[in-house]
Amino acid sequence: MDLQLDDEQRLIQDMTRGLLKEHCPRSVVRKAEDDAKGYPAGLWKQMAEAGLTGLLIPESYGGGAQSVLEAALVYEELGRALAPTPHFVSSVLSAGILLAAGSDAQKNEWLPRIARGDAIITVAWLEPDRGYGPEGVKLAAKAEGASFVLSGTKRHVNYAGAADRLIVLARTAAGIDLLLVDPSTPGLKLTHYLSASGEPHYRIDFTGARVPQSARIGAAGSGWETFSRVLTNDGLIPLAAYAIGGAAACLEDTVEYAKVRKQFDKPLGAFQALSHYMADASTRIDGGRVLVHEAAWNRAHGRSVARFAPMAKLFATNTYQDVTRTCAQIWGGVAFTIEYDTQLFFRRAKELQLSWWDVPYLEELVAADVLDR
Amino acid sequence: MDFDFTPQEQKFADEVERWLVENHDPVVMDPTRENFTQLADTPERRAFMKKLAAKGWLGMSWPKEYGGQEIPGVYEYILNEALARHAAPQIGKGVGIIGKTLIRHGSEKLKREFLPKVLAADVEFAVGYSEPNAGSDAANMQLKADKVPGGWNLNGQKMWTTSAHFADWYWVGARTDPDKPKHDGISLFLIPMNHAGLEVQSLPTVGKDTTNQVFFKDVFVPDDYLVGKRGQGFQMISEALDLERFTMFTLSPIAERTKVLVGWARTAQRDDKPVREDRDVRRVLANIVTDTAVAKALSTRFVCAAKAGSGKPPTVESSQYKLFTTTLSQRVCDEALDLMSVAGTIREGQDEAPLRGRFEGAYRATMNETVGGGGSEIQKNIIARRHLGLPKNF
Numbered sequence: 001m002d003l004q005l006d007d008e009q010r011l012i013q014d015m016t017r018g019l020l021k022e023h024c025p026r027s028v029v030r031k032a033e034d035d036a037k038g039y040p041a042g043l044w045k046q047m048a049e050a051g052l053t054g055l056l057i058p059e060s061y062g063g064g065a066q067s068v069l070e071a072a073l074v075y076e077e078l079g080r081a082l083a084p085t086p087h088f089v090s091s092v093l094s095a096g097i098l099l100a101a102g103s104d105a106q107k108n109e110w111l112p113r114i115a116r117g118d119a120i121i122t123v124a125w126l127e128p129d130r131g132y133g134p135e136g137v138k139l140a141a142k143a144e145g146a147s148f149v150l151s152g153t154k155r156h157v158n159y160a161g162a163a164d165r166l167i168v169l170a171r172t173a174a175g176i177d178l179l180l181v182d183p184s185t186p187g188l189k190l191t192h193y194l195s196a197s198g199e200p201h202y203r204i205d206f207t208g209a210r211v212p213q214s215a216r217i218g219a220a221g222s223g224w225e226t227f228s229r230v231l232t233n234d235g236l237i238p239l240a241a242y243a244i245g246g247a248a249a250c251l252e253d254t255v256e257y258a259k260v261r262k263q264f265d266k267p268l269g270a271f272q273a274l275s276h277y278m279a280d281a282s283t284r285i286d287g288g289r290v291l292v293h294e295a296a297w298n299r300a301h302g303r304s305v306a307r308f309a310p311m312a313k314l315f316a317t318n319t320y321q322d323v324t325r326t327c328a329q330i331w332g333g334v335a336f337t338i339e340y341d342t343q344l345f346f347r348r349a350k351e352l353q354l355s356w357w358d359v360p361y362l363e364e365l366v367a368a369d370v371l372d373r
Numbered sequence: 001m002d003f004d005f006t007p008q009e010q011k012f013a014d015e016v017e018r019w020l021v022e023n024h025d026p027v028v029m030d031p032t033r034e035n036f037t038q039l040a041d042t043p044e045r046r047a048f049m050k051k052l053a054a055k056g057w058l059g060m061s062w063p064k065e066y067g068g069q070e071i072p073g074v075y076e077y078i079l080n081e082a083l084a085r086h087a088a089p090q091i092g093k094g095v096g097i098i099g100k101t102l103i104r105h106g107s108e109k110l111k112r113e114f115l116p117k118v119l120a121a122d123v124e125f126a127v128g129y130s131e132p133n134a135g136s137d138a139a140n141m142q143l144k145a146d147k148v149p150g151g152w153n154l155n156g157q158k159m160w161t162t163s164a165h166f167a168d169w170y171w172v173g174a175r176t177d178p179d180k181p182k183h184d185g186i187s188l189f190l191i192p193m194n195h196a197g198l199e200v201q202s203l204p205t206v207g208k209d210t211t212n213q214v215f216f217k218d219v220f221v222p223d224d225y226l227v228g229k230r231g232q233g234f235q236m237i238s239e240a241l242d243l244e245r246f247t248m249f250t251l252s253p254i255a256e257r258t259k260v261l262v263g264w265a266r267t268a269q270r271d272d273k274p275v276r277e278d279r280d281v282r283r284v285l286a287n288i289v290t291d292t293a294v295a296k297a298l299s300t301r302f303v304c305a306a307k308a309g310s311g312k313p314p315t316v317e318s319s320q321y322k323l324f325t326t327t328l329s330q331r332v333c334d335e336a337l338d339l340m341s342v343a344g345t346i347r348e349g350q351d352e353a354p355l356r357g358r359f360e361g362a363y364r365a366t367m368n369e370t371v372g373g374g375g376s377e378i379q380k381n382i383i384a385r386r387h388l389g390l391p392k393n394f
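First to last, the protein sequences are chains A and B.
The opening residue of the first sequence carries number 1 in the working numbering; numbering runs sequentially from there.
The opening residue of the second sequence carries number 1 in the working numbering; numbering runs sequentially from there.
The hints are simulated quantities; they were obtained by calculation from the structure and are not laboratory data.
One or more hints might be untrue.
[Said to hold, decoys possible] With a straight-line cut-off of 16 Å between C-alpha atoms, the simulated EDC-like cross-links for lysine to aspartate or glutamate are:
| # | chain 1 | residue 1 | chain 2 | residue 2 |
| --- | --- | --- | --- | --- |
| 1 | B | K144 | B | D184 |
| 2 | B | K259 | A | D369 |
| 3 | B | K307 | A | D2 |
| 4 | B | K109 | B | D223 |
| 5 | A | K31 | A | D265 |
| 6 | B | K217 | B | D242 |
| 7 | A | K189 | A | E225 |
| 8 | B | K392 | A | D2 |
| 9 | B | K392 | A | D369 |
| 10 | B | K259 | A | D372 |
| 11 | B | K229 | B | D177 |
| 12 | B | K208 | B | E65 |
| 13 | B | K144 | B | D177 |
| 14 | B | K307 | B | E65 |
| 15 | A | K189 | A | D265 |
| 16 | B | K273 | A | D341 |
| 17 | B | K111 | B | D122 |
| 18 | B | K111 | B | D177 |
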């Protein structure tokens, strides 16, 4: 047993932290909030030049061919910095789906561009009044000649305003399919709305949008299996790491404040009621980080993460939400103001906890592995 | 980064596992004792400890000149977790706190007298630190040791000496220098438990084991049974805790308890329906299994910190682990009884009860885990000050 990072891992971690410190200060985070595009071009360019946009993509497509373990290190830093980027939807999820099930033509066309940060692909998955499971996918894709005709509505499509392509989960005669769709296709309308975190979210209405059947990724009816496998194996762990990073940064800010802010002539940190909150928070964060690394390490070694990955996202995002609530209590009234940064973490923590499978869905994934297998 | 044992460590873990299966003894290995098998005062347990000694598994991390193998502490961790997983008695305070302190600070006489007996499992110790007015404030011990010709005269009282009713020797902290600051006035003594001036009074607990209070009336201890230097007792007590991080508080009993609960939920029925189909049951178990994985992660964290050998004891890692794990241990019992509902109230040991009342018993047995060995609030103080750099808060 050894929790030390190797030299290359430490290099990736330091490089990411340095890059974000320079190009993603809190002022940049605040400016990106509620913006329809949602991320600063400068930061994205820096991430691309540093090889982060191609981190998980094989070298043959111009990527860095790193494992989810390295991604977890990068994502903890992104979470610390609250970095607003389409990295998850494009470089992790969409790239993962294309790699897992895309045709050679699809991979050759898109993976090098994703790796360079030149193209952004996002996933159109969720629908209004529908849940997280496969039964939630209702948007209809009706075969007509060589085309699918799409009708229905998608919601919670992150960074769609900047996307070159959408991967749409659609209901076909074969079941659920993944379709690679150009967002400028006629019969497709994007509407930006505001989210709790300030990340750009889109509603997309499909009214008879026509896409070629060749836009399907993978075999007919394999869409849900591909999507849920990629999200489980490669998506949940970076998200969990992002949550740990956010919680750690929020707690660090709070601990520093508790050393200098005085009431009753004592620093806040000299009150057990408050220092014990912080001790509990640090325990959950430090334990959660090792759990995330263990999940990532197992994935990197080709072992199943059917239980580990949902556990990691469940615990890490619950911790993030819980820690930001605790930190707000320690800051007191100022935490409630826009001026202070606690609220940036507080809002994002809740959104991340409910996104990409929420608490009950993750619990059920764990329970199924524990009780039904 | 590596979450597996090294091949050598794994080989040892496999050997221990095989040996424990071959030497299974239901009298000694009783899971319903919930991590306290070593407190059973039975001839079977003593015989089992002799077998461990014969395997050379006591004192593995000791220096060779004292009969050890000088192998890393992680092997003792592997052994202790395996023992705990099988509900067998764990390697205890003799090879740990007492042996390691004697090796570092004891006189040649004390080393010669005690170390071979420890390695042969020929001696049982009781440890006396706590007193009526020295609980969490351990350095406040007031048991009086007055200097008399040729030795010391001890008067006062100890609390929570769990093994006092069967131990052979008593490892005791007493105040030899009342005029010095409280951390600098304590010395350590070794006293035969059958000393006429000692009176052991049983304090039955809500768990299976009894603990004791011990009264000292003119207990004479010769000079050469003062351990190490006069006034250094509290420093040696603290150091021994740090040396013993590998074996202090095992995770396996909790992980096994989670497994037992999951096993119950997989097969139990209520109102002719499988319990495992109940949504609440599924949510509760998902979180218990997840938190058990976090406890394991925190244990990995402190084992790795201890292994790193940076010279810095993994005090913070150990406190985080103890805080989280003991809280979880109690929660597992609490949630188990909730899931079993009123049937969970049937007293342990009766066929009438689900799992023969395993969780009714565990609910009681684990009550003290967040208190003993440094309560949760003490652990939080340690984390706040040493990890987060917050000011002293008491």
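We went through each hint and held it up to the structure:
1. The hinted pair formed by K144 (chain B) and D184 (chain B) meets the criterion: a straight-line CA distance of about 14 Å does not exceed 16 Å.
2. Straight-line distance between C-alpha atoms of K259 (chain B) and D369 (chain A) comes to about 13 Å, which keeps the hinted pair within the 16 Å bound.
3. With a C-alpha separation of about 9 Å, the suggested pair K307 (chain B) and D2 (chain A) falls inside the 16 Å cut-off, and the hint holds.
4. Between K109 (chain B) and D223 (chain B), the direct Cα distance comes to roughly 12 Å. Compliance with the 16 Å bound is thereby established for this hinted pair.
5. This hinted pair does not check out: K31 (chain A) and D265 (chain A) have alpha carbons roughly 37 Å apart, beyond 16 Å.
6. Restraint check for K217 (chain B) and D242 (chain B): not satisfied, since their Cα atoms lie roughly 32 Å apart, outside the 16 Å limit.
7. The straight-line distance between the Cα atoms of K189 (chain A) and E225 (chain A) is roughly 27 Å, outside the 16 Å bound, and the hint therefore fails.
8. Note on K392 (chain B) and D2 (chain A): the hinted pairing is violated, with a Cα-Cα distance of about 32 Å set against a maximum of 16 Å.
9. Between the alpha carbons of K392 (chain B) and D369 (chain A) the distance comes to roughly 45 Å, so the proposed pair goes past 16 Å and is violated.
10. Taking the CA atoms of K259 (chain B) and D372 (chain A), the gap is near 14 Å; set against the 16 Å cutoff, the hint holds.
11. In summary, the hint linking K229 (chain B) to D177 (chain B) is supported, as the alpha carbons are separated by about 12 Å, within the 16 Å threshold.
12. Taking the CA atoms of K208 (chain B) and E65 (chain B), the gap is near 39 Å; set against the 16 Å cutoff, the hint is violated.
13. For a cut-off of 16 Å, the pair hint linking K144 (chain B) to D177 (chain B) stands: about 9 Å separates their Cα positions.
14. At roughly 22 Å between alpha-carbon atoms, K307 (chain B) and E65 (chain B) are farther apart than 16 Å, so this suggested pair is violated.
15. Straight-line distance between C-alpha atoms of K189 (chain A) and D265 (chain A) comes to about 59 Å, which puts the hinted pair past the 16 Å bound.
16. About 50 Å separates the Cα atoms of K273 (chain B) and D341 (chain A), which puts this hinted pair outside 16 Å; it is violated.
17. Between the alpha carbons of K111 (chain B) and D122 (chain B) the distance comes to roughly 14 Å, so the proposed pair stays at or under 16 Å and holds.
18. With a C-alpha separation of about 25 Å, the suggested pair K111 (chain B) and D177 (chain B) falls outside the 16 Å cut-off, and the hint is violated.
Hints 5, 6, 7, 8, 9, 12, 14, 15, 16 and 18 from the earlier list are contradicted by this structure; the remaining hints agree with it.
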